[in-house]
Structure formats: structure tokens, C-alpha cells
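Enquirer: Okay, here's what each chain looks like letter by letter:
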Amino acid sequence: MSIDLKTIKHIAKLSRISIDDKKAKELEKDLNSIFEFIEALNKVDTKKVDPLTSIAETSLKLRGDEVKTKNIREQILKNSPDENKDFFVVPKVVE
Amino acid sequence: MSDIINLTLSALIDKIKKKELSSQEITNAFIARAEKSKDLNTYITTDFENAIEKAKKFDEKGNFDYKLPGVPLAIKDLFCTNNLKTTAGSKILSNFIPSYESTVTQHLWDEGAILLGKLNCDEFAMGSSNETSFFGNVESPVGKKVVPGGSSGGSASALAAKLTPATIGTDTGGSIRQPASFTGTVGLKPTYGSCSRYGIVAFASSLDQAGPMTQDVSDAALMLDVISKYDIKDSTSVNFKRGDYFKSLSSNIKGKKIGIPNEYRVDGMPKEIESLWQDGITLLKNLGAKIIDISLPHTNYALPAYYIVAPAEASSNLARYDGVKYGYRSEGENLISMYENTRSEGFGDEVKRRIMIGTYVLSSGYYDAYYLKAQKIRRLIKNDFDEAYKSVDAILTPSTPSSAFKIGDKTDDPVSMYLNDIFTVPVNLSGLPAISIPAGKDKNNYPLGLQLIGKAFEEQNLLNISYSMEKELSFKNNLQDWWIK
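Protein chains in written order, with the numbering used here: chain L, 1 to 95; chain A, 1 to 485.
Just chain L, with the same shape it has in the complex:
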């Protein structure tokens, strides 16, 4: 199989990465060569194999739902790309 330009643009959209036509063509070439390499997996019969989802196959440990850190609003907001000191600010979403 091969991945066409239309699919590349669709994946870029899903990935929230803007790409121009030149970049899309580059990615088409790269991804197709990578997937050609990945297709080797089809040679293996895995019908009776259970997927391995995690190496540490233990159940997740529970912990109490407790507040450990308080009053860190300033710390959290200090890396915000917007200068607003009270909120995270994004471009207007509702008209």
C-alpha cells in the first residue's frame, strides 16, 4: 500500500500541524519509505497472540485524592505564552 498526498494532508490536519505542498511531498516520500519498512510485520502470523500493552503488567496503584500543593497559580501561569497573569489566554473561540 502507499500513502497518497491527500492522506498526508489529512494526517497533518489530525496532527494539528500546518504543512505546505512542498512539505507534504517530502512527507509523502518519507512516510512511504518508513511504511514500506514497517510492512515486514505482515509476514508474521499473529492471530493467536495477545497484544502486549504494557511491560509492567500490574494494576495501577490507588492513592488518596488529596491536595498536595496549594497556591501555585503564579507558578503555573509563569510559563504562559500570553502575558495575562490571571488566565491562560487563547484566540477568540466564540463569536
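What the hints contain is simulated information worked out from the structure, not anything from laboratory work. Using N, Cα and C, we set each Cβ at its ideal position, and we do this for glycine too. Mixed in with the good hints, there may be bad ones.
Unchecked claim - Computed footprint of chain L on chain A; a stretch qualifies when at least three of its residues, placed anywhere within it, have a C-beta under 8 Å from a C-beta of chain L:
hint : region
1    : 229–237
2    : 375–384
3    : 404–410
Claimed, not checked - So the derived list for chain L, only partly shown, Cβ under 10 Å to chain A, looks like this:
hint : residue
4    : Leu14
5    : Lys23
6    : Glu26
7    : Leu27
8    : Val44
Given chain L, work out where chain A should sit, using these hints.
Expert: Same frame as chain L, now just chain A:
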């Protein structure tokens, strides 16, 4: 001063404890050398002024019982450090200053170590040559315009060039062991779940693991003692009984059974590496180990499975970089175009490729064909190891299928770059511990490494076998300091 930089970590600690050297003398020596080694481009961020201040404090009233008393260390810029820029080698995090500390680095400071600064790495640890970093290529001290390997390339280069007495890296598909092999240093990837992932910039969560990079095996054991601890903050941290790795080091490996996997004899592998491996086998025999031929039949499928699993997890982990809460932001007419422009400008080519691969294999209609298939292959690869470990204690392989290459040699062809990790990736997929130790050199005088793969949670065994080999190999890098200005 040249004496200081040539000492191993354990020798430095010994001298500090005996008060033959002060923390300030040592810290100043490594800083002075780093100032003269800027051409290697190992550092992304230095914290030298604070380091000198901390060394002074340590000398005044430090605790000499600590495991790393007043020892300066530079670390990979993938570990979050409180109040010090942490970039993961990416433009998208180029202005990010964490307000918390990674668990693993916190363990270092709790044992008296002093942070020198943050070392270059491939962007989000995606790369095998340190050529995907937003902050530029790193040169290896083993040769001009030679890559140090990746993704912990800055760490390997800084360690080999003696800019830090030891360091820590992270290993998702070989990112500790491959650069260690390329630079003539020791790199240990512990068992998945040994060292906390809390505060490490995530790449592929089911594979990522932090570990020591050191001048010798003893130093690796010492560092592992400090960083391998159970952590409630990492849901995959495993609460097993850790060893007293440094104290328990032993070079008696009589009767140990070492497996040699036939599948690691790959086409086109240089003769030098084949003979390095053969010499390793002979050495183990001479040390009293039993050599057993084994088969890991699904080895060839590890790399293609990895290039589904790792990008899939990366595409999810990297969804958080959207220009809203931290990091780089680009402008856009609306929210969506702000996201798209931010990610397009903030991520480099390799990271974009992997996000796209991951998004594709997880997208509607393809999940079963790719992601589920890869997880099944992953099971088969782990089963191969489980089967082999019924008859052997550890496995010996080459660390990499080639020695270090020149900057730019493999950047045009992603697949040829990926093939670098052919011997290291199966270990991450199976969650096992493995170590790369320097074992020889090729015709260009570039180092070559041997890899020992162990059973899960049996790091001590792995350390002992490599410790006994190291004594006999007596490898020396003999670098000529050509980069010093």
C-alpha cells in the same frame, strides 16, 4: 587540574571524602574545561555560577556521608529541573522553565550532587545522532565532525570529553547505549520501572527509561544506587527490592550462562564488529562463563514494531504542545490555526514525521492493522527473551551495527538512521535491562561497544558480568583534546 578531570566518579568521591580535593576545586576544573570545549556544543544551558556557589556551600558545611558528596554533574536536557530552562532539544520548549524537579535528578541532589547544566540531545529524544536538536549538532570528541550518537548525544560527548565526571541519559530505543558505544563510555538502561519517569519530558511512555552514563562499570553501579528508587508519582514505577549495586560488585562470573543470539549476525555488519563480538565471547569463556547459542527468532521485527509503538505513544504525548499553557506560541487567525502554526514552527522535521506516523497508525480504520499488530509482535519479542532466559543468565551482542558516522551522512534517509538501533530496540520493547561497555576500536580509531542484556530486575548480574569483562578489556579512549580552545 588535569588530574581532576581524568578521575572516575568513584575516585573523585574518594578524594572528596578524604578531603584531598574540595568540591570547589572539582567544580571549577570541570567548568574551566567546558569553557574551552564550546565547539563540541554539548551544553544547551549552563548553570555554572550557581554550581560554584553550591560547591562553596558544600565545602563549608556539606555532608560527606552522601553518595555523591559535592560532585558536579551535567545532565541530559530531558529532565525537568526546577527554575532552570528545560528544552528537550526543541524550539517548542526553548523558553520553558519548570516549577518542579524530576524525581531522578532530585535523587542526585539529595545525595549531594551539584548541577552544572543541561546537555544537548535529539529533539524530544527522537534521533540516533543528535542531529535533530533545535540547538545544533553535537560533535563527538572521538573525531572531528563525527556524531556522538543519540539521543543522549550531548551527554555522551560531554562525558567522553571529560566535561562531567558522569551523567544520566534516557533510553527509549537505545538512546543511552548507542551513544555510549559511539563514544567509548559505559551506558546502562535499567529495567523498565526501576527509575522514575516523573519529570522526564515524555517520548514513548511504555519504553522510556532513565539510566547512568559513566566512565566505567563501577560508576554506573554507584549512579544506579542513587537513581533507582520506587516512586509513587510514576504509575509504572515498580516496588521491587533494589540491590546495593556498587557494594555488591563482583568479578566472579564462573558458571554464568551467556547466550549468543544467532539473529544478531546481520547482513553488512563490518568484520570488525563481528570479531569484537567473537573476542567478547572468548573473554567470557576465559572468565569461566558458559557460552550457549540461543535463538531470538523475532529480532528482525523489533525495529518495524518499534516504529509503530514509539511514534503512536509520541503522537499522544506531544499533543500537549499546543502553545496555550507553556512553550513557544505562533500567531493564528483562530484557535485551530494558532495550534497548527505553533506546532508546525515549534517542532523539527523528525518530530513531525513521528507525530504523523503515530497519528496515522492510531487513526480510524488503521488501528488494528498497525498498532494492535505491533503490540502482538511486541509480545512475541518478549516471549523470545523469556524462552531464552530459561537457559541463560544474560545475552551478549554488539551494541550497534556500525561505529560512529560523520555528521550529515544519514540525515537524508530516515530508515538508514533507524537501523542504528537494531540491536538496542528489542530490549526496550521487552522492558529488560542492558548495558553497553566499550570493547575495542575500528580502523578509524572510533570506539565499538558490546551489549549485555539481562533478566528483568537483575541489574546486579549485568553489572558484575560487565565489570569482570571491563577489567580484562582495559579499554582506553586516548583522546587528543583536539577541540580544546
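Enquirer: Sort out which numbered hints this structure fails and list those numbers smallest first.
Expert: Number 3 - this is the single hint that the structure violates.
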